[in-house]
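Trainee: Now for the letters of each chain:
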Amino acid sequence: MAETRHAHPPYLLIWLYLFVLTVAEIALAFELPFSRNVKLILLLLLALWKAFLVAMFFMHLKFEKWNLRLIAIVPLPLALILVLAVITEHVW
Amino acid sequence: MAHATATVDVMRPPAPAERGVDVYNLKLGMWVFLASEVMFFTALIGSYIVLRFGASPNPWAQPGKVLSIQITAFNTFLLICSSVSMVKAYASIADGNVKLMKVWLLVTILCGATFVGIQVYEYTHLIHHGFQPSGYREGSELAELAAANPVPYGAATAGLYGSTFFTMTGFHGFHVTCGVISMTYVFIRALRGKYSQQDHRGIEVIGLYWHFVDLVWIILFTIVYLI
Amino acid sequence: MSWWLPLQGSTFAPQIDGLFIAILIITGLAFVIVEAGLIWFVIKYRGRPGRKGHYTHGSAKAEVIWTAIPAVTVVALGLVSNHYWKEIKGRDSIPADAYPIGIHAKQFEWQVTYPGPDGQLGTADDFTVRNQLHVPVGRNIVVVLTSEDVVHSFWVPVLRVKQDAVPGMTIRAWFQATVPGEYELGCAELCGMGHYRMRARVFIHTPAEFTAWMQQQIQGGATS
Amino acid sequence: MSGIAAAAPAVHAHHDDRSFIRKYIFSTDHKIIGIQFLFVSLFFLFLGGLLAMQIRWQLGYPGRPMPGGGILPETMAPGGVILPEYYIQLVTMHGTFMVFFAIMPLLVGVFANYLIPLKIGAHDMAFPRINMWSFWSAFTGGLVMFASLFVPEGAARAGWTMYAPLSARHDLSGAGLGQELWSISIVLLGLSSILGSLNYITTIINNRTPGMTWFRLPLSVWALFITAILGLLALPVLSGAAIMLLFEQILGTHFFDPAAGGQVLLWQHLFWFFGHPEVYILILPAMGMVSDIVANGSRKPIFGYHSMVFALVGIGFLGWVVWGHHMFMSGMNPTLGSTFMVTTMIISVPSAIKVFNWMGTMWRGNLRFHVPMLNAIGFVAMFVIGGLSGVFMAATPVDMPIHDTYFIVAHIHYVLFGGSLFALFGAITFWYPNMFGKMMNERWGKIHFWLTMLFFNLTFFPMHILGMGGHMRRIYDPTQYNFLKPYQPMNTFITIAAFALFASQLIFALNFILSLRWGKKAPLNPWEDNGLEWTLPTPPPHGNWDRPPTVYRGPYEYSAPQVAEDYLPQAKKLPTDREPAAAPVAGH
Ligand code: HEA
Ligand code: HEA
Ligand code: CUA
Ligand SMILES: [Cu+2]
Numbered sequence: 330m331a332e333t334r335h336a337h338p339p340y341l342l343i344w345l346y347l348f349v350l351t352v353a354e355i356a357l358a359f360e361l362p363f364s365r366n367v368k369l370i371l372l373l374l375l376a377l378w379k380a381f382l383v384a385m386f387f388m389h390l391k392f393e394k395w396n397l398r399l400i401a402i403v404p405l406p407l408a409l410i411l412v413l414a415v416i417t418e419h420v421w
Numbered sequence: 622m623a624h625a626t627a628t629v630d631v632m633r634p635p636a637p638a639e640r641g642v643d644v645y646n647l648k649l650g651m652w653v654f655l656a657s658e659v660m661f662f663t664a665l666i667g668s669y670i671v672l673r674f675g676a677s678p679n680p681w682a683q684p685g686k687v688l689s690i691q692i693t694a695f696n697t698f699l700l701i702c703s704s705v706s707m708v709k710a711y712a713s714i715a716d717g718n719v720k721l722m723k724v725w726l727l728v729t730i731l732c733g734a735t736f737v738g739i740q741v742y743e744y745t746h747l748i749h750h751g752f753q754p755s756g757y758r759e760g761s762e763l764a765e766l767a768a769a770n771p772v773p774y775g776a777a778t779a780g781l782y783g784s785t786f787f788t789m790t791g792f793h794g795f796h797v798t799c800g801v802i803s804m805t806y807v808f809i810r811a812l813r814g815k816y817s818q819q820d821h822r823g824i825e826v827i828g829l830y831w832h833f834v835d836l837v838w839i840i841l842f843t844i845v846y847l848i
Numbered sequence: 156m157s158w159w160l161p162l163q164g165s166t167f168a169p170q171i172d173g174l175f176i177a178i179l180i181i182t183g184l185a186f187v188i189v190e191a192g193l194i195w196f197v198i199k200y201r202g203r204p205g206r207k208g209h210y211t212h213g214s215a216k217a218e219v220i221w222t223a224i225p226a227v228t229v230v231a232l233g234l235v236s237n238h239y240w241k242e243i244k245g246r247d248s249i250p251a252d253a254y255p256i257g258i259h260a261k262q263f264e265w266q267v268t269y270p271g272p273d274g275q276l277g278t279a280d281d282f283t284v285r286n287q288l289h290v291p292v293g294r295n296i297v298v299v300l301t302s303e304d305v306v307h308s309f310w311v312p313v314l315r316v317k318q319d320a321v322p323g324m325t326i327r328a329w330f331q332a333t334v335p336g337e338y339e340l341g342c343a344e345l346c347g348m349g350h351y352r353m354r355a356r357v358f359i360h361t362p363a364e365f366t367a368w369m370q371q372q373i374q375g376g377a378t379s
Numbered sequence: 399m400s401g402i403a404a405a406a407p408a409v410h411a412h413h414d415d416r417s418f419i420r421k422y423i424f425s426t427d428h429k430i431i432g433i434q435f436l437f438v439s440l441f442f443l444f445l446g447g448l449l450a451m452q453i454r455w456q457l458g459y460p461g462r463p464m465p466g467g468g469i470l471p472e473t474m475a476p477g478g479v480i481l482p483e484y485y486i487q488l489v490t491m492h493g494t495f496m497v498f499f500a501i502m503p504l505l506v507g508v509f510a511n512y513l514i515p516l517k518i519g520a521h522d523m524a525f526p527r528i529n530m531w532s533f534w535s536a537f538t539g540g541l542v543m544f545a546s547l548f549v550p551e552g553a554a555r556a557g558w559t560m561y562a563p564l565s566a567r568h569d570l571s572g573a574g575l576g577q578e579l580w581s582i583s584i585v586l587l588g589l590s591s592i593l594g595s596l597n598y599i600t601t602i603i604n605n606r607t608p609g610m611t612w613f614r615l616p617l618s619v620w621a622l623f624i625t626a627i628l629g630l631l632a633l634p635v636l637s638g639a640a641i642m643l644l645f646e647q648i649l650g651t652h653f654f655d656p657a658a659g660g661q662v663l664l665w666q667h668l669f670w671f672f673g674h675p676e677v678y679i680l681i682l683p684a685m686g687m688v689s690d691i692v693a694n695g696s697r698k699p700i701f702g703y704h705s706m707v708f709a710l711v712g713i714g715f716l717g718w719v720v721w722g723h724h725m726f727m728s729g730m731n732p733t734l735g736s737t738f739m740v741t742t743m744i745i746s747v748p749s750a751i752k753v754f755n756w757m758g759t760m761w762r763g764n765l766r767f768h769v770p771m772l773n774a775i776g777f778v779a780m781f782v783i784g785g786l787s788g789v790f791m792a793a794t795p796v797d798m799p800i801h802d803t804y805f806i807v808a809h810i811h812y813v814l815f816g817g818s819l820f821a822l823f824g825a826i827t828f829w830y831p832n833m834f835g836k837m838m839n840e841r842w843g844k845i846h847f848w849l850t851m852l853f854f855n856l857t858f859f860p861m862h863i864l865g866m867g868g869h870m871r872r873i874y875d876p877t878q879y880n881f882l883k884p885y886q887p888m889n890t891f892i893t894i895a896a897f898a899l900f901a902s903q904l905i906f907a908l909n910f911i912l913s914l915r916w917g918k919k920a921p922l923n924p925w926e927d928n929g930l931e932w933t934l935p936t937p938p939p940h941g942n943w944d945r946p947p948t949v950y951r952g953p954y955e956y957s958a959p960q961v962a963e964d965y966l967p968q969a970k971k972l973p974t975d976r977e978p979a980a981a982p983v984a985g986h
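Chains as they are written, first to last, in my numbering: chain X, 330 to 421; chain U, 622 to 848; chain V, 156 to 379; chain C, 399 to 986.
Just so you know, the hints here were simulated from the structure itself, not pulled from any lab data.
All residues carry an ideal CB built from backbone N, CA and C; glycine is no exception.
Just so you know, not all the hints are guaranteed correct.
[As the list claims (entries may be wrong)] Distance condition first, Cα-Cα at most 25 Å in a straight line; then the derived BS3-like pairs of lysine-lysine: (1) C:K971 / C:K836; (2) U:K686 / X:K368; (3) V:K216 / V:K241; (4) C:K971 / V:K207; (5) U:K815 / U:K723; (6) C:K971 / V:K199.
[Claimed, not checked] Coverage of chain U stretches by chain C, computed from C-beta distances (three or more under 8 Å per stretch; other residues unrestricted): (7) 648-655; (8) 762-772.
Next comes chain X alone, as it looks inside the complex:
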């Protein structure tokens, strides 16, 4: 832990990364010729990718121990279960 505190991750690089991804998202949404469903999936993936970057580097989850990461992870399956179960209504 002590080492990571001195060697910070390259925050500006990650900022650039996020910026590029955002531009890519906007371009995808408005300029690029994909079908709606492909766009939808790509946009969601891009958003998750960005969220993942923020969580890993800015919230330094990457450098935390698993038992702390667990706290961040626990609600996610619950959220997924709720949304999926309610949506099945319209899928079946």
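Assemble the complex: chain X is given as a structure, and chains U, V and C with the ligands must be docked to it using the hints.
Mentor: Only chains U, V and C with the ligands this time, still in chain X's reference frame:
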């Protein structure tokens, strides 16, 4: 209690009976709180997903038709910048540079405040044009546009659009506001010299909150404005 | 007053009641074991001065047994129940020949729409009767439930049928009545201050009676 | 006895110079906050009971003027005759107060606050100030809910489950401001629970005293820990839903409005996604405290400590995937119903483990029937009935005839009164000496227990039979239905039993209040318990310990062969005990 001396690393918890998660209370508490925030936004975003899914085949208003993308894209950019400045503030204080930390913190506060300002502007603008939580206001500019072009403006789903849009972004905006207020409080404490290389818990914890709010926005921006 | 379940008035009432009794036996057994055990222990191990409890932290064997037995029981129960459930409520369980009756619930009445001579709902010869449900015995019936305002629930105790009527949804539920007579239909979901009196009469007719009633309605030109 | 040396209270050196307001009103001391919660939620329990009496009057004697009902406003009960619109408010508010403002704060607000730091050897909660806010937020919520009884159209009118669109539209429910106040109050309560939960979780993870390892935690603390996780993740969903409902009422949104594409079942899904974890919030702490009391009363280690912990975790986990069992008849996809049936059935297994392990604990014990033990045994005996009736409803085909009938009402009360409330009577009596330094009267405690046991069963057992007969819930006047007319004598019988039940509760109330002043002074460790809380003077001082105590063993070492007495406190050092890891540096 001020028993902590310089030799004690306050960024770690006092040796617990058995190693817990090995982080100090405030940080653990913040993570636990964020877990509950995830569930709160699940209720709001989940409802949006479900409602939008269930509304098909009625089309939803197309991106960019009702909401202005330029202005929110700029806002997104601001929030990302503020996340970087926040993490820079944290990195500075971890390296012992108090002055730089204050600068970065101030930048963060300014970005956050601007974000809120722009959102307020966006809201007034939208309401002025007839977009409100219950849908397109009757007789307004948007209602007429929607009547003329039902598909791109999602005339059939306008009510849901308004409900979910204002609830989700409104609560996100509320979180940003809370963040700005708490960061101001932290900033004042920073001016009073409360943070040091040995003990900068407040900075780290408010940072966690701020990045979380940014993270939520990343999701919201995509699913509300772009899809 | 009945101390037991109401009359079994539909084809799946015996199945449901049978399952009820099966569960009653299983849980009754569990109940007796627990309560008798408690009473026995309370008497047998009541405190006496100068004695100590038996110092033990548990027994893996005993615990495995009393975990496994309920586990097997409830899984079996789940499978059996699911079998009946699919038969009764499964979306594809509705018999193709079922006679459709539209039921529109609103605060605080039931509007029952019959398909008329052509046996089809949504045609011109449909007619609607308030707060009366007439069905023939021995014939599969499917009720098509809709709601005007809030959630109501279609509930006929003798038929053992309950199904919510939800605004914005069209929900089908089927049954086959077996015992002619006059019964009651109640609303089982709180729907406002008149919830308690949202009642309808249910007439289970013999086929001949039903045809006669139908004739009479059509000739009388009865509407709402 | 050599045990006393280790258990002797450390003399408290700090002297307490906080003003009255800081000490008792805006206190940050977890014990005071717990006691604040205790008084407030007992008030709401009493209020909930009063509302229940009015419900029972109407059901037992439909349309007859209620004795003393003349004081109610004309619009609710002219001449004391309860009107349908008032009846729905009664049912709604009875459920709401009992669940949200009586049982939940009693179990969590009181005992999580009071017990966690004491039982893990901490000075206080991790965030004392947030803790204070948690109380005041709940208190404000309670106040708002209470106020809603007095607004012109009266309180909310859609049942405690607030099904939309009835709850969302005043034109359909006839309600007014009361409905909005309900939502606001629930949001405040949600906030309180979230703040409380994050405090409990952090405290238990980080602030355990040396030697207090995870598997030396008393089961009450384990149960409160799991409960806190449930509260942390479930309440925000309810808050979110309540906010949506509030917007529906005041901003004209369309979440639950089918005419504009909204979904009615969405509310039910959100509510029950919270609601089922909620019912486990209402039982797990009770189970935990009953475990402590049963081990103490049996003078035996708890049977199968580890499986008791895993059962708690199991219930907590499975509790998230069963919510659909409240919606079997709602028109939800039947295949989803099958899934929820299976998960619901499986949740009986961890409950079975708990029940049998309690019995295992009593087996070959040396039982002491003090009042807490009686109530704990009562808990086991009654919870089982409620749990087993849950199995009927879990079986989807059987749920079809009994859903939304008095069978459900019987289930609710067997688990919530027979379960949670019995456990609470036990727990309050058990920790009363620690909280107030006085004992509650033993004789009256026993009389209260037996009367409650009797009248509780007379009141609620017959409801199973009503339910089997098809008697719907939430109906103002059952005699409207021919098939329910024959049941009227039974309804009257239940009503009489319910009045007797309520009267028996007054014994408890009096015992509680009078003992504050006239109770026997509590000895240091009145129940000869192993917990850390009994190593302190009663009531414990602000900050609890000067130096954190050291823990040498698990909490259930009763009748251990090493010592002559039949208990062995966690903090008592035997010559064979080794010191745990170094004492922590103060400062959190
Ligand atoms: C403390 C609160 C609490 C608890 C612990 C429970 C526990 C359970 N509940 Fe209950 N429930 C409520 C409070 C609670 N419930 C409330 C308030 C409602 C109504 C809400 C409303 O609509 O207003 C409700 C409604 C409710 C329904 C919906 C009914 C309907 O509306 O149609 C169902 C359906 O499945 C259900 C099932 C269960 C089950 C299976 C358990 C299980 O956890 C029980 C497990 C326990 C046991 C089974 C007993 C011990 C085991 C043994 C002795 C072993 C032997 C057993 C077997 C072999 C089976 N409950
Ligand atoms: C913990 C929860 C709890 C408790 C304890 C009770 C207690 C009682 N309940 Fe209730 N009940 C519910 C939770 C509870 N209930 C819920 C959730 C519903 C569903 C609501 C809905 O449908 O929306 C319901 C519904 C309900 C109905 C159905 C109404 C209907 O559907 O039309 C009925 C009818 O008889 C009823 C009766 C009673 C009675 C007679 C008591 C008696 O046991 C009351 C006895 C009195 C007390 C328990 C008070 C004791 C007071 C003290 C001990 C004070 C101590 C004070 C000091 C020391 C200062 N309840
Ligand atoms: Cu309709 Cu109750
Ligand atoms: Cu449940």
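Trainee: For each hint, tell me whether it holds in the structure or not.
Mentor: Each hint, compared with the structure:
no., hint, in the structure
1, C:K971 / C:K836, "violated, 28 Å"
2, U:K686 / X:K368, "holds, 17 Å"
3, V:K216 / V:K241, "violated, 38 Å"
4, C:K971 / V:K207, "holds, 21 Å"
5, U:K815 / U:K723, "holds, 12 Å"
6, C:K971 / V:K199, "violated, 34 Å"
7, 648-655, "holds (count 4)"
8, 762-772, "violated (count 0)"
Violated hints for the displayed structure, listed by number in ascending order: 1, 3, 6 and 8.
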